[in-house]
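**Q** Combine the two chains into a complex, taking the hints into account.
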Amino acid sequence: MKNRIILTVITVLALLPAIPLFLILFQLLKEGLSSLSLDFFLHLPAPPGEPGGGIANALVGTLIIVGLAVLIGVPVSILAGIYLSEYGRHGKLSETIRVCADVLQGVPSIVIGIVAYAWVVKPMGHFSALSGSVALALMMIPVVVRTTEEVLRLVPDILREAALALGVPYWRTVLKVVLPTGMVGVSTGILIAVARIAGETAPLLFTAFGNQFLTLNPLEPMSALPLVIFNYAMSPYEDWWRQAWGASLVLVFMVLGLNIVSRILARKIAGEK
Amino acid sequence: MKVPYPIFRTEDLCAYYGDFMAIKHVTVSIPEHQVTAVMGPSGCGKTTFIRCLNRLHELLPGARITGKIYLRDEDILELDPIIVRRRVGMVFQRPNPFPTMTIYENVLAGYKLLGIRLKREEADRIVEDALRKAALWDEVKDVLHRRGTFLSGGQQQRLCIARALAVNPEVLLMDEPTSALDPKATLQIENLIVELKNTVTIVIVTHNMPQAGRISDYTAFFYMGELIEFGPTAEVFTNPKDPRTEEYLTGKFS
Numbered sequence: 003m004k005n006r007i008i009l010t011v012i013t014v015l016a017l018l019p020a021i022p023l024f025l026i027l028f029q030l031l032k033e034g035l036s037s038l039s040l041d042f043f044l045h046l047p048a049p050p051g052e053p054g055g056g057i058a059n060a061l062v063g064t065l066i067i068v069g070l071a072v073l074i075g076v077p078v079s080i081l082a083g084i085y086l087s088e089y090g091r092h093g094k095l096s097e098t099i100r101v102c103a104d105v106l107q108g109v110p111s112i113v114i115g116i117v118a119y120a121w122v123v124k125p126m127g128h129f130s131a132l133s134g135s136v137a138l139a140l141m142m143i144p145v146v147v148r149t150t151e152e153v154l155r156l157v158p159d160i161l162r163e164a165a166l167a168l169g170v171p172y173w174r175t176v177l178k179v180v181l182p183t184g185m186v187g188v189s190t191g192i193l194i195a196v197a198r199i200a201g202e203t204a205p206l207l208f209t210a211f212g213n214q215f216l217t218l219n220p221l222e223p224m225s226a227l228p229l230v231i232f233n234y235a236m237s238p239y240e241d242w243w244r245q246a247w248g249a250s251l252v253l254v255f256m257v258l259g260l261n262i263v264s265r266i267l268a269r270k271i272a273g274e275k
Numbered sequence: 013m014k015v016p017y018p019i020f021r022t023e024d025l026c027a028y029y030g031d032f033m034a035i036k037h038v039t040v041s042i043p044e045h046q047v048t049a050v051m052g053p054s055g056c057g058k059t060t061f062i063r064c065l066n067r068l069h070e071l072l073p074g075a076r077i078t079g080k081i082y083l084r085d086e087d088i089l090e091l092d093p094i095i096v097r098r099r100v101g102m103v104f105q106r107p108n109p110f111p112t113m114t115i116y117e118n119v120l121a122g123y124k125l126l127g128i129r130l131k132r133e134e135a136d137r138i139v140e141d142a143l144r145k146a147a148l149w150d151e152v153k154d155v156l157h158r159r160g161t162f163l164s165g166g167q168q169q170r171l172c173i174a175r176a177l178a179v180n181p182e183v184l185l186m187d188e189p190t191s192a193l194d195p196k197a198t199l200q201i202e203n204l205i206v207e208l209k210n211t212v213t214i215v216i217v218t219h220n221m222p223q224a225g226r227i228s229d230y231t232a233f234f235y236m237g238e239l240i241e242f243g244p245t246a247e248v249f250t251n252p253k254d255p256r257t258e259e260y261l262t263g264k265f266s
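From first to last, the protein sequence lines stand for chains Z and Y.
Residues in the first sequence are numbered consecutively from 3, following the numbering used here.
Residues in the second sequence are numbered consecutively from 13, following the numbering used here.
By construction, these hints were calculated from the structure, which means they are not laboratory data.
All values reported here derive from a predicted model rather than from experimental measurement.
Note that the Cβ used here is the ideal one computed from N, Cα and C, for glycine as well.
Be a bit skeptical, because a hint or two may be false.
Taking beta-carbon pairs under 7 Å as the criterion, some of the chain Y residues facing chain Z (in silico) [said to hold, decoys possible]:
{"hint": "1", "residue": "I94"}
{"hint": "2", "residue": "N108"}
{"hint": "3", "residue": "T112"}
Mimicking DSS-like on lysine-lysine, the simulated pairs with C-alpha atoms at most 25 Å apart in a straight line are [to be verified]:
{"hint": "4", "chain 1": "Y", "residue 1": "K131", "chain 2": "Z", "residue 2": "K178"}
{"hint": "5", "chain 1": "Y", "residue 1": "K209", "chain 2": "Y", "residue 2": "K145"}
{"hint": "6", "chain 1": "Y", "residue 1": "K209", "chain 2": "Y", "residue 2": "K153"}
{"hint": "7", "chain 1": "Y", "residue 1": "K153", "chain 2": "Y", "residue 2": "K196"}
{"hint": "8", "chain 1": "Y", "residue 1": "K145", "chain 2": "Y", "residue 2": "K131"}
{"hint": "9", "chain 1": "Y", "residue 1": "K124", "chain 2": "Z", "residue 2": "K178"}
Next up, chain Y with everything else stripped away, as it sits in the complex (with noise of 0.2 Å):
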């Protein structure tokens, strides 16, 4: 089997709120245009594994990080965390678009917040493009200049996610993006990320394990800010190395 190019990987990675060490040493290669699960308990540390990724951890009053992270070979934590996050986009729990700005302004917000001038015909395309990869466009596309706040939930998350996407990201992270959303828009998200692993690598923090089974190629498992398991999901899922995973996926503890 074919091993994916690593486009993330961490060294040694320890991060800490205070005193206190959230994610301990942890070293792992994400794989380039895949999806990878982010798994384990509530507490576990998994999202704030991922906010180390573009460096939204370190905005906490009081928290750091240790150890290396390289994306393509270059270690972001010695680099500007503006690019960073430019490079490295992120969907939340819960929709957040900007309740000031219309659908249309919500895509551009990258690069409007940021003061780039685009011409009309450029981010006609940029917003049309994003919408279109977000599985949102016909949906919108009529209301373009409304509100981005009056869309239903599942289509306030396609949204954000349109809005990540349109600056174009290598790599997407997503924390529980469908745990505010029904189940029919939890779908429509699922089938979307599995789509989306073609354009960008996706890296999803998950409590919901069948959600991780169907969308997932690779999962990671944590427990008590340990990286205790780390494998192509469906090794993960049926044959895990380590009791402690096997115990969380048959429900002994969640």
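Just chain Z, same shape as in the assembly (with noise of 0.2 Å):
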């Protein structure tokens, strides 16, 4: 009897964490619902007060800013997991790297916007997506680098040794069979970090900016979905306030669609082990 009354306020407890993410799901889907059409996401934005208008430009901006970071950051980062891993596994630099790449990821956002503002806005004189990239880079480097170490650190050493065995050279070993057998594992963790970037509003504010127009070029101000809620939801218009839960909803499930797949990875994985 005592055991049923523990069981079940422990299972009440445990569903607490679960009820506010269906609490924002509802309320997302309550106010930004009526925004979703086909015009909101091929539409640019009305001009202020008007009524209409879409996000295409927020779209292309946020797929844009997130792919160039991902470019920027990810080569950087796989390399460094691969240095931590394979190379200098014990040695002091590495650990010097890891602890680096564990203060960079507590760094709060809008520094790292700060700080991306200075080294790339200021120089080049003005606002552009890039240097919202870099901002958005600096942040995913450390959950990549982290999590490429630890995937690469779980390929088994008998793979490596056969291949050293047959004559490789190391470094091939660690570019042919390291990385491919741990490649699913990294690409898990690029996903999980373009999740948790895709969302990042403060490293944008005073680095991509914004932009009421559809810009494919990198070197100018662009919009992104966080910039739009973050801008419409700030402003007078009540039909902005709608486009802003709309945007919202987007965004979400964007991120949300981005943890299942990796958690699909995740678990292809652990089959194949």
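**A** Below you can see the structure in the form of structure tokens.
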């Protein structure tokens, strides 16, 4: 009897953390669903105060800014992860890199934004998507470095030895055996990092800045979903508030989708073991 | 009795893990085209010994080797380890086919991983040849383009043997190759080893005394890092010179 009571209490308490997620999804669907239409995805924003318009520029902008961040951040991160796992596993340099990555991960995103402003926006003289990508790349690097390291460490040593015993040099063993064997895990890490940065707003406020028009040029200011949500929610127009909810709904489902895909990949790795 | 040419010859070979001396002053000649069994109790240094012969030992942090190891009169410690490992193949305790590669690619791994390009016909010929030598061809010839990891443990181990043979090594080192396999798969590998000695010299670490008796021509007996007995297997087994060998063979310790 006592067992039963405690089990019930614990089950109820365990469900508590799941409740906010469902409340958020409920709120987003309630407020945002009415904004969703084909036009919302395909049209540019209407002039202030006028009804209608869409977030096509922000969707394209998010894809470009995040895509560029991946191009900047991922190669560096994978190389660093390879170094940590395959070369200096126990060295002092590795320990330093690990600590730096952990600290970088803890730097508030607004600070990252200011730094990207100083590094890219100031010298260029204007806001740009590129500066936003640099800020987001800084945010994803520590995540990808550490997951790459952890995943590559899981690659069994007997595979490295198998390659080495065939007379394969170490660097080729790393690139052609270790990395491909851990590739699914590395991709999972990248997806998790992308999901994390796709919704970041603070680093974009004074880098990508936002743009009412569609642009594909990464050297110009560019819109992104979080920026649209921020700007529209702060506006005095009721129609924009509604669209901010719509954009939030789109953003959350994007991130949710990325999370689900990365979970499926992670399960695939677990299944192969 | 004609004494075979010694393909491997060590002189005062010592191997260390940091300060620990795992192999102590071993001087031995390993005859060509024979199967040499390396035996001894756990921790006696038998695996370390064969890992010196293809210079895998020195990859571990803190590990080093002193002395001389001659492969056909060339000191391998003076050679590029990459070249040594091309000439001295290895099969490990647990089958370790590359999980991202097909059976076909696994056999060619010794070429592909080095970036050596082969013509289609040549690649096909090497794969068939190596798989036939490893007595695996008939079982896998229709599934060459499936992953090697789908095979049974015994088949995977023969795939690893094929992979090692594909680059035409002069010596094949085997580190307890059957210890992870069932009796049937073990028997297949034993038969294979006896056949292979016509093309390649085999040095096999084994824990299994009957196995050493069945397949080996020579036996090296290690104890606490020292080579205490070496000779034709029949002699070592029936008339051991060192009391420690006799004690091991009669099961006094293991």
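**Q** Against each hint, give a clear statement of whether it holds in the structure.
**A** So, going through the hints one by one against the coordinates:
Residue-level restraint check for I94 (chain Y) holds (minimum Cβ-Cβ distance to chain Z is 5 Å; threshold 7 Å). Contact between N108 (chain Y) and chain Z, as hinted, is supported at the beta carbon level, the nearest pair being about 4 Å apart and thus within 7 Å. Here the hint on T112 (chain Y) is kept, as its CB sits about 5 Å from the closest CB of chain Z, short of 7 Å. Restraint check: the Cα-Cα separation between K131 (chain Y) and K178 (chain Z) comes to about 21 Å, which is no more than 25 Å; the hinted pair holds.
Under the criterion of a C-alpha separation no larger than 25 Å, the hint pairing K209 (chain Y) with K145 (chain Y) is consistent with the structure, at around 11 Å. As the CA atoms of K209 (chain Y) and K153 (chain Y) are separated by approximately 24 Å, the hinted pair is consistent with the 25 Å bound. The straight-line distance between the Cα atoms of K153 (chain Y) and K196 (chain Y) is roughly 21 Å, inside the 25 Å bound, and the hint therefore holds. Distance check on the hinted pair: K145 (chain Y) and K131 (chain Y) sit about 21 Å apart at the alpha-carbon level, within 25 Å; holds.
Taking the CA atoms of K124 (chain Y) and K178 (chain Z), the gap is about 9 Å. The hint holds against a cut of 25 Å.
The structure is consistent with each of the numbered hints, conforming to all of them.
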